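Peer 1: Listed here are the chains, written in short residue letters.
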Amino acid sequence: MASRPIGSRWDRLAAHKGPLILAGIGLLVGVAALVFFLVWREKGSPERAEVSPTLPLNQPLQRKQVRLFFSSVGGEALVSEEREIQMPVEPEAQARAILGELIKGSGSGTLGPTIPPGVTLREVFLDPAQGCVYVDFSQELARNHPGGSQTEALTVFSIVNSLILNLPFKKVQILIEGKEVETLAGHIFIQGPLEADASWVQNRG
Amino acid sequence: MVKAKMNGLSRGIALVLLLGLGWWVGAEEMLPAPPEKEGKPLEVIVIDPGHGGSDVGARGLKGLREKDVTLRAAQILKEMAQERLGVQVVLTREGDYALPLERRAMLANTNRASLFISLHASGAFGPRPGGGFQVFSLKPVAGRQKGLLSGGNGEVLIPWRQLQWPFVSASRQLAGAIQKSLNEWWRPGEAEEGAGAREAPCALLMEVRMPAVLVELGHLSHPEEAVGLQDEAYLRDLGGAILNGIQAYRLQVG
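Heads up: the protein sequence lines correspond to chains B and Z, in order. Numbering of the first sequence is given in UniProt numbering, commencing with residue 1 and proceeding in unit increments. Numbering of the second sequence is given in UniProt numbering, commencing with residue 1 and proceeding in unit increments.
Calculated directly from the structure, the hints in this document are not laboratory data. Please note that the accuracy of each hint is not assured.
SDA-like cross-link-like pairs, simulated, lysine to any residue; straight-line CA separation at most 20 angstroms [claimed, not checked]: (1) K170(B) - V124(B); (2) K62(Z) - K170(B); (3) K139(Z) - Q202(B); (4) K139(Z) - S199(B).
Listing some non-contacts, in silico: residues in chain B with all C-beta distances to chain Z over 10 angstroms [unchecked claim]: (5) E76; (6) G131; (7) E195.
The structure presented is a predicted model; accordingly, all values stated were derived computationally and were not measured. Heads up, the beta-carbon is just placed ideally off N, CA and C, and yes, glycines get one too.
Work the whole structure out from these sequences, hints included.
Peer 2: Below is the structure:
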């Protein structure tokens, strides 16, 4: 039986180039994976592509004059205060910006707050078909509320009026910890969307 | 062909009639006036002391609690109303326990009361609240049950959450009369200068099927009113002013 002589040229080549070929294949796979990763990162994953239109990571801002409603000195009505703020473009972010300013309180030093201490805004959801914005607050909005029909009405309509009079919404529904509640402190009905109510607003001066 | 056209025409007319009915029943001022509203003597008044039990309500100066003030004020008002008006008075709660809003409304409805008066006192965010009284009647919000239901024989069925709608006008009148009387008591001769009655989407009043108001007796964090609201004589004066308002309202409606 004929056999390849030990130490033939083929065997010597195979013995030397086998590891080289394997290394080459490994290198090609690695480069391909790197290119794929870079392209994928540039274009974005399918999940990111769905999220980005509603939650842009870099919201452009523009300065805008807004009217916010705070409590009169006597606590019997709402009084508007004009303020220039950085306003995002996206409507839900705009609602967040307005409510953030309302939570901060009046800058005038004369008007009183309408939002109890410790309140945070959890989520904002806009339903364009109904023109209704749902604003979800932390439980402190109810738990820390001082109570009374009038004070409760000022809280509710400072939120509703500030949103509707500055942004293109028709109705606002207030949620607490993601849930509908009947009232904040036992008086004013908030278990459905509310419209702006100018009867709570008093002219300054 | 003609029959088909006639059917189409009939359906069109029916649709217009239905839409017309929907518009008609949606307008609160145009709802059929309930017979109880006009000229019926006062037989039962339901007085509702706001809050109670674990529901303390507003807190004021020196540990003053709304639930205590409203209960005492309601007890005094009950006694005075029985004496002065000769009516039966039912309190929604007789002691310090929690009572859901819907239970209060149910008590008023099942007692077939002529009037419903809910007593409250205000809290405030800051240390400088304005004083004074405030009487509220319902400002209806449509919510999810917009539109009334139509019964089989053309009668209008009113959902529970909208039971107050036919009484909005009467309640507004009652609120105005009590507000004016309170203002007059506080500053004689200057009643017109005082605050007017207000309308608000008060959850409690939505389910009450009679003229109904919510009276804020004062501010618990107002130094003078906080003292007054703990004083028996002051509460009797307040009660007297509320009863004067009820009597003025009764004269207005005949």
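Peer 1: So E76(B) supposedly isn't at the interface. Is its beta-carbon more than 10 angstroms from every beta-carbon in chain Z?
Peer 2: 5 angstroms, violated
Peer 1: Report holds if the minimum CB distance from E195(B) to chain Z is greater than 10 angstroms, and violated otherwise.
Peer 2: 8 angstroms, violated
Peer 1: Within 20 angstroms, alpha carbon to alpha carbon, are K139(Z) and Q202(B)?
Peer 2: Given that 20 angstroms is the threshold and the Cα spacing comes to 19 angstroms, the pair holds.
Peer 1: Would the pair K62(Z) and K170(B) pass a check requiring their Cα atoms to be no farther apart than 20 angstroms?
Peer 2: 43 angstroms, violated
Peer 1: Please check whether the beta-carbon of G131(B) is more than 10 angstroms away from every beta-carbon in chain Z.
Peer 2: 14 angstroms, holds
Peer 1: Would the hint linking K139(Z) and S199(B) be met if the CA-CA limit is 20 angstroms?
Peer 2: Holds, because 11 angstroms separates the two Cα atoms, which is no more than 20 angstroms.
Peer 1: Take a quick look at whether K170(B) and V124(B) sit within 20 angstroms of each other, Cα to Cα.
Peer 2: Roughly 15 angstroms between the alpha carbons, so the hint for K170(B) and V124(B) holds.
Of the numbered hints listed earlier, those contradicted by the structure are 2, 5 and 7.
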